[in-house]
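Since each chain comes alone in its own frame, lean on the hints to assemble the complex.
For the protein sequence lines, the chains are A and B, in the order given.
Going by the UniProt record's numbering, the first sequence opens with residue 1, and the numbers climb by one from there.
Going by the UniProt record's numbering, the second sequence opens with residue 1, and the numbers climb by one from there.
Because the hints were derived from the structure by calculation, they are not lab data.
Quick caveat: nothing in here was measured; it's all calculated off a predicted structure.
The beta carbon of each residue, even a glycine, is placed where N, CA and C say it ideally should be.
Just so you know, nobody snuck in bad clues.
With a straight-line Cα cutoff of 35 Å, these simulated DSBU-like cross-link-like pairs (lysine-lysine) come out: (1) K171(A) x K267(A); (2) K70(A) x K267(A); (3) K19(B) x K170(A); (4) K40(B) x K12(B); (5) K131(A) x K113(B); (6) K131(A) x K104(B); (7) K63(B) x K131(A); (8) K113(B) x K199(A); (9) K12(B) x K161(B); (10) K131(A) x K110(B); (11) K131(A) x K107(B); (12) K171(A) x K19(B); (13) K107(B) x K40(B); (14) K199(A) x K63(B); (15) K171(A) x K37(A); (16) K37(A) x K131(A); (17) K40(B) x K29(B); (18) K29(B) x K199(A); (19) K171(A) x K63(B); (20) K37(A) x K58(A); (21) K199(A) x K110(B); (22) K67(B) x K7(B); (23) K199(A) x K19(B); (24) K19(B) x K312(A); (25) K167(A) x K110(B); (26) K170(A) x K63(B).
Here are a few chain B residues that sit away from chain A, every Cβ distance over 12 Å (derived from the structure): (27) T48; (28) F79; (29) A160.
This is what each chain is made of:
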Amino acid sequence: MTTQHEDDLVSLKNLVQELKLKLSKYENVETHKQRSKIEEMSSEVTDDNPYSRLMALKRMGIVENYERIKDYSVAIVGIGGVGSVTAEMLTRCGIGKLLLYDFDTVSMANMNRLFFTPDQAGMSKVDASYKTLTNINPDVEFECYQYNITTMDHFDPFLQSLSNGGKAPKKPVDLVLSCVDNFEARMSVNQACNELDIKWMESGVSEDAVSGHIQFMIPGRTACYQCAPPLIVASGVKQIKREGVCAASLPTTMGITAGLLAQNVLKYLLNFGSVGYYVGYSALTDFFPTMVVKPNPHCSNRWCMVRQEQHKDNPLSLQNTNCNVDDEEPASHADNEWGIEVVSSVQEEDDEEIARNRLQELGEGIDYAFMRSDELKPSIDTNNVVEVDGNIDELMRQLNEM
Amino acid sequence: MIDNRTKETLQKIPLLTEKAGPRDEGWEKRLKEEYAALIKYVKLNKDTDSSWFSIQSNKQGTKWFGKCWYIHNLLKYEFGVEFDIPVTYPVTAPEIQIPELDGKTPKMYKGGKICQTVHFNPLWSRNVPHFGIAHSLALGLAPWLAAEIPVLAEKGLVRAKENDV
Ligand SMILES: [Zn+2]
Chain A
1 MTTQHEDDLV SLKNLVQELK LKLSKYENVE THKQRSKIEE MSSEVTDDNP YSRLMALKRM
61 GIVENYERIK DYSVAIVGIG GVGSVTAEML TRCGIGKLLL YDFDTVSMAN MNRLFFTPDQ
121 AGMSKVDASY KTLTNINPDV EFECYQYNIT TMDHFDPFLQ SLSNGGKAPK KPVDLVLSCV
181 DNFEARMSVN QACNELDIKW MESGVSEDAV SGHIQFMIPG RTACYQCAPP LIVASGVKQI
241 KREGVCAASL PTTMGITAGL LAQNVLKYLL NFGSVGYYVG YSALTDFFPT MVVKPNPHCS
301 NRWCMVRQEQ HKDNPLSLQN TNCNVDDEEP ASHADNEWGI EVVSSVQEED DEEIARNRLQ
361 ELGEGIDYAF MRSDELKPSI DTNNVVEVDG NIDELMRQLN EM
Chain B
1 MIDNRTKETL QKIPLLTEKA GPRDEGWEKR LKEEYAALIK YVKLNKDTDS SWFSIQSNKQ
61 GTKWFGKCWY IHNLLKYEFG VEFDIPVTYP VTAPEIQIPE LDGKTPKMYK GGKICQTVHF
121 NPLWSRNVPH FGIAHSLALG LAPWLAAEIP VLAEKGLVRA KENDV
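Next up, chain B with everything else stripped away, as it sits in the complex (with noise of 0.2 Å):
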């Protein structure tokens, strides 16, 4: 199952309310709950000096782009990230994207989109509409990168980004 730190932070992340997609007359509402929400998430980081992206989107909140990164061993590893509101949002979440590291770990489709865990889709839509873009970073990018950075470090795929943290 999901694990505890995980568990943790989904909690403290404050849950959305509105259920309206990009397509729908309610999006400017929930693109605020979305920015709030994310605004709330990366100050809990800050606090807790555990902070780990930075994202931003265009004007219409439907592409969106930014950082992340992992420390292992004291190394920062750090890749652009982007990914865009599907659809069918927020019923189905939002497919992330690291396109530099695509074609280089198996647990990633074509494109350089994140492999989900089996855990990540049945999660996200038991909790339609109230889990927003800082949830899907949370239960979907953070263990991704906690899971495969430590692997294409070690095989030397992936170069830290400056040798001290």
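One chain only, chain A, in its complex shape (with noise of 0.2 Å):
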């Protein structure tokens, strides 16, 4: 028995010396050097400069102007897969400010995507990102917002941010990214930047994490979110099998897509290179599919018809790409005002000849993710129009009495 207590002791003595060695290196890291802010950026090679191989673009002939990034606010929505690691890219690049937007917690189901650590599992998204990004650069500037901007409780403050988000006082930001993984999120990010003007970039990830592509859109002057259905990249699987779970995901495809996002944005910002439009990517057969979308005009977004007037003296440059949603009319088919479209039967004879036009209109590898509306053919008809009988609160009295 004795030497059974004298076991345990030994054992918990080597225990205690274990831990206070973890312990002792935790305390090192809180104690560990942040650096300095710094006020000009160098392009002095020094293992002190974290500026240095950026400023180095200058001397290389890429950046003429590198410093300038600095002067730059970027407006990031969706702090995911995509949104953080593009976050850190800019941020280790040096840019000005950054406006960081998520309603949701960091959780253990994200650790197979970059940038959060388990450790930070329950923290919000956008708290966890400013802690780790703030510790890599102290130079950039960061605002958080954790709220959904779909809901109009937070729409109305979220335009406010982005107007008043630049790195100039009362300035709007220079740049939105979507880095959401919803429709709705993307709609209304769509809607914010046509109604002040703002130039963004709307990025994705398909839900079977083989795919994703990233789109530059100048409101007006390319097309905006709602000028037609989704683009998506054909990943050369038919139909997503969604069994099981809402989507799948990979840290890879959404790393390849955050740089290609990080990317366009320098070029954009820095002016150099040429920007990407649409820039789509294929992981199962390694295809980048490029090309740019005109304004619709008809668009059934108003800010957007707003915009195309505005600019409709400055039309993008479209030399070089294979550019063309035709100006056709987008048919609204008198005969299907009311009619509702559930069927495909009559849909799908003409699936083949859609097929082929949308293959000369957007080129290879690239598809709408759905039925633009001067596709649709009527199916089937009805008169089944809703009738409204009295005031709302009738109306709510009498649907809450049922």
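Okay, here's the thing in structure tokens:
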């Protein structure tokens, strides 16, 4: 018995020793030096200059004036697998200011992606990002917003923050990046940027995790997100099988998409190379389709039409692109005014023709996520239109009492 | 594709005409249409003894909440349901949430937003502005409950509300 106790004592002592050692490591982390802010970016190549390799881009003749990056402010909506990595890249590049938007918290299910770490589980994504990013580069200014931009309560504050989020006081942000994972949020970003006339870049990764894309939107001069159905990269897989889970994700596809996005931001802001308007990525075939999409002259977004009118004398130069969303009237099939589209039996016969037209229109490897309104054929006619009887209070009461 | 029952139901729900979201002037008119369509849909369900939800909104019609239920093996499973009307409504559909099922099924986004089938958004987009809240429930929530609740019940992750129906 005594020897048993002695053994226990020894192992406990060892454990204490081990834990002390572990703790000391963390204490070192706590007290490790955080670099102080740097006023002027220097091109001096020294071990303690975080900008030396970036400033070398000037000497290489790639970027004329790298320091200008400090004057720019970028808003990133959605700090997930793509947004967080894009934020880190721009932070390391010394961007002037970042506005971060996400209502969500970090969870263990996020750990197959880059950036967040298990010890951050439970923290809000914007707070966790702020802590990491400001530690990486204290020169960057941050604004963090933890809310859902699609709701009435938060959309106006969202507009306000974009309008005043520039590096200089009372100036708008220079660019908005949409790194969200759903249609509703993308439409909200589209609405905000059309209203405020702010350029933005959309990004996305397919639900089967094997394709991604970025798209640069200039209100009135390129297609907006509502001008046509969302463009997707044909992944080679016929239809997403959605059994079991909502979406798959890979750190690779997300990292590559984030890289494409951040690269496009740098090229646009620092004016080097040619900016991509639509760049797709198909992981299964290592294929990168590109194109430009012109605005739809019949876009159903009122603000898109306002911006088109405003910029009509300043169209995007589309040389050397395979762009052409045609200018034909996207027929609002009069005979289908109230018909609802549920079946696709009539549709299927036309699918081949539609596919041919789309190939011509969009180029190899890119497709619409769903039918464009002018591709639809009426299938069911109903005259079942709602009749409203009474005022809203009565209607509310009536429904409540049912 | 969409199953026949859902298709038939969709055809019976009256279509809306006012294209206005909660930030637009026409919202009051649209909201009346929403209520009228919901009243028709609920009545339709009552008449065929197939009621499966009850719902109401705040005064502005921007936040909706209520209950939905599903009968499986003669047991009734009932859940709280809620959603916001997005600022881009009716171009985009509301994201329906069942917070109490959050984390219990992979067919849900964080916060309890139900995972719509691949058919939902294309179909919704085609029918803007004619589809409304009633359609989003019929096309989105009803098939989701039909697919998920039996699975959750078999796994013992949800409890029946009462012993008889
Ligand atoms: Zn547009």
